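J.: Since the structure of chain A is provided, determine the placement of chain B on it from the hints.
Protein chains in written order, with the working numbering: chain A, 1 to 352; chain B, 1 to 352.
The hints are simulated quantities; they were obtained by calculation from the structure and are not laboratory data.
Check each hint, because a few of them may be wrong.
[Said to hold, decoys possible] On the chain A side, residues computed to face chain B include the following (Cβ under 8 Å):
id	residue
1	PHE79
2	SER110
3	VAL113
4	TYR120
5	ALA122
6	ARG132
7	ILE134
8	ALA135
9	LYS145
[Claimed, not checked] Partial list, derived from the structure: chain A residues whose beta carbon lies under 10 Å from chain B:
id	residue
10	ALA119
11	GLN142
12	TRP143
13	ARG156
[Said to hold, decoys possible] Chain A is nowhere near these chain B residues, computed Cβ spacing over 12 Å in every case:
id	residue
14	LEU32
15	TRP104
16	THR149
17	HIS178
18	ARG188
19	LEU199
20	ASP214
21	ASP230
22	ARG253
23	ILE270
24	GLY272
25	ASP280
26	VAL312
27	THR331
28	ALA335
29	THR351
Because the structure is a prediction, the values reported are computed rather than measured.
Glycine is no exception: its CB is placed at the ideal position from the N, C-alpha and C atoms.
Number of protein chains: 2
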Amino acid sequence: MPDVNDEPLAANEISTRSAGQSAGQRAAKAGLSGRRIVALAGGIGGARFLRGLLAALREDDPAATVTVIGNTGDDISLFGLRVCPDLDTVMYTLGGGIEESQGWGRSAESFAVKDELLAYGAGPMWFGLGDRDIATHLLRTQWLKEGLTLSQVTARLCERWQPGVRLLPMSDDRVETHVLIDDGTSRRLVHFQEWWVRLHAAVPAIEITAVGADEANPGPDVVDAILNADVVVLPPSNPVVSIGTILAVPGIREALRSTTAPVVGVSPIIGGAPVRGMADACLTAIGVETSAAAVGALYGPELIDGWLVDDVDAASGVDGVVVRSHPLFMTDIDATAAIAHAALDLADFVTL
Amino acid sequence: MPDVNDEPLAANEISTRSAGQSAGQRAAKAGLSGRRIVALAGGIGGARFLRGLLAALREDDPAATVTVIGNTGDDISLFGLRVCPDLDTVMYTLGGGIEESQGWGRSAESFAVKDELLAYGAGPMWFGLGDRDIATHLLRTQWLKEGLTLSQVTARLCERWQPGVRLLPMSDDRVETHVLIDDGTSRRLVHFQEWWVRLHAAVPAIEITAVGADEANPGPDVVDAILNADVVVLPPSNPVVSIGTILAVPGIREALRSTTAPVVGVSPIIGGAPVRGMADACLTAIGVETSAAAVGALYGPELIDGWLVDDVDAASGVDGVVVRSHPLFMTDIDATAAIAHAALDLADFVTL
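Just chain A, same shape as in the assembly:
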C-alpha cells in the first residue's frame, strides 16, 4: 500500500468525488492500461467477485492481467485424493465449469463414485465428491505424487480451464486450517471442512488455527506479484479462514505492507451479516464483531488503503482507511462488475 495520510472520509463525500468516472475512463486518463492486478481469494465469494472483475476489465482495460493468490488452508485429503476446494472454485467459476446453483463443484455433476463408496461403508460422506470433480483431484494427486508442486499442478489444471487469471496457490507447503470446538462433552480439533461442511459451523469455534502456516513459504511469484502489482484487491472472501489464512503465510502480509500499489478491500459483511457463508462464526471465534467496519478495522490501515462497503454500511468508518460505499450484493455478473469497477475506482482514488 502507498503511504496514505488521508483521514477517513464520509462515504457520501467520496461517492461525490468519484461520480461520473469509470475505472476505465480513469485508467485511460491516467495512462493506466495493462494494469497488473492482484487479488487474494477464497472460494465462492472470491470467485464470483473475480468473474465480475474480469468482466469489468474486458470493458475498461482489456490488456490488464489478473493474478489470483488462492487460499489453500481449506485443502483436505479425502479417500487419498488431494482436494483444494478454493482453488477449484476459482478455476471452475472463471473457466465456466462451476455448478451455478450452488457456487461450488462441477456443473451437471453425477455421484456414482460417492454412491459406491457409500455401498462400501466408507467415509467420510459429508464432503460431496462428484464424479467430474474427482477427475480433477485424481490428476492433482497423481501429479503431486510425481513430484510437481501445487503451483505447477494448478497451472496444469488451468491449461484446460483457461480461467483468464494466473491462479497461484498461496503456498506449495501444506497448511490446513483446524478448528477447536467444544461439542458439549469434550474439546477437540477438527479440520476446517469438518466444522464448515459437516457441522455447518453450528458448533462454536473456540479457536481457528492455520496449522503449518508458520513454517510455510509463499508460493513462487506470490510475493513478487504483490510487490509488482498496480492494484491489489481483497475480494469479499471470508476475512478469517480465506484472506486471513493467506495473510498467515509469512511474507505475504509483509508484501502487502511494502507494495507501492493501492490495496483495496471489498466488505464480505453487509448490514451486520455475511453476504454468504458463515463468516460471522469465524469472526466471533477471533473476537471480531460481524460488521463492515470491524472487518475493515481487522485489516486496518497497515494492510488496506481503501475499504468498499455496502450502501447500508455507508456510515462505517475505519481509522486510516478510505471508506466508500456501493451496493455489494453480487446478484449477477453486471452487478458484480459494477462492484469491481467501484473497487478499482477506489484504488485509483487512494493512489491520487
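T.: Here is chain B on its own, set in the frame of chain A:
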C-alpha cells in the same frame, strides 16, 4: 497332487466309468462333505468357472469352502489408482456386481470421471475406468497407502461383495507382467495391459515376463490353502498370463506338487482356439501350440492329475495325466456348473 500311476485313459472309457454319479453323490458316498477346494484364477474365464463351481457346490456340498488364489500380474497403476483387474473380476462376478455383457467391470457403469480426464487431455485412455469401478480402486489405493497389504485390502473389499469364496491375491508383493513386443521399428517392453487392452495382443509377443515374480512371496495362507486342500482346480484361465503367473511365484508351484489333494485342470482351449480372450497369442509367445493337449502337457503330470477337455478334444492325450472330456463352453450357469461337476468328478476319480 497324489502319487498317480494311472496311464492316461481314453476319454470314452473315463466317461463310462463316472457315468451316473455326480460329484455330490460321490462326495456323500466317500464322506467328502465340507471339502476345502482351492482354485487358481485369472479374470473372466476363471470368474465364470468359479460361479459355476459355487452353483455346483450349493447342490452337492453346501458345507464346502472355496479359496481362490487370484492372479495379480495384470495389476496396473492408472492415474495413481491401484487397479487389480483379475481380483476385481472375480469379486464382482461372484458378488453380483459384474457387467454381464462384457464379463468385466461394474454393472450399470458410467464414465463421467473418464470423460473429464479426457477433457484434461490426460492419458492413458485405452483402459476404461468406470465411475463405480473407480470407487473400488480409490479405497484399495487409500488402504494400501495406509499400510494394509493387498491381502488385507482384498478381504476388506470382499466384506461388501460377499463373493462366497475366500479371495487371496497370489502375492502381496508387486508382480507385473510385461510383454516384449516388436512394433516394426523397435523392440520395447510394455505392461501386459497395454499389450492386451490397447494393442489387443495383435502385435506378437516375443517374450512375456512376470516382473518381480522371482522375489515375490506367496500371500499369507496361499501355500497353506493348497497344502490343506481336498481338491485343487485350475479353471479355464489363461495358462500363461493368469495361471502361469501365479505359478511363477516361488512356493506356489512347489505347493501344488506337494499337496496330497488331487489337482485337476479345465482346458481353456477348445478345438484349437481359446474359449475367450487371446490365450493363443500368449501360448505362441512361449512356444506352446494352441491345443487342449498342449496346454495339458504344459501343466504336465508334475502339477495336475486330471485334465478336463471339451468333447471335441476328447482324443487328446497327456502323458501321466488322466484326461476326461465334457462340453466346456460356459454358455450359462447351469452349463458351467456341469463343467465344475465334471471337474470335481475327475478329482474324485484321480483320488481313487
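J.: May I ask which of the numbered hints given earlier this structure violates, with the numbers listed in increasing order?
T.: none
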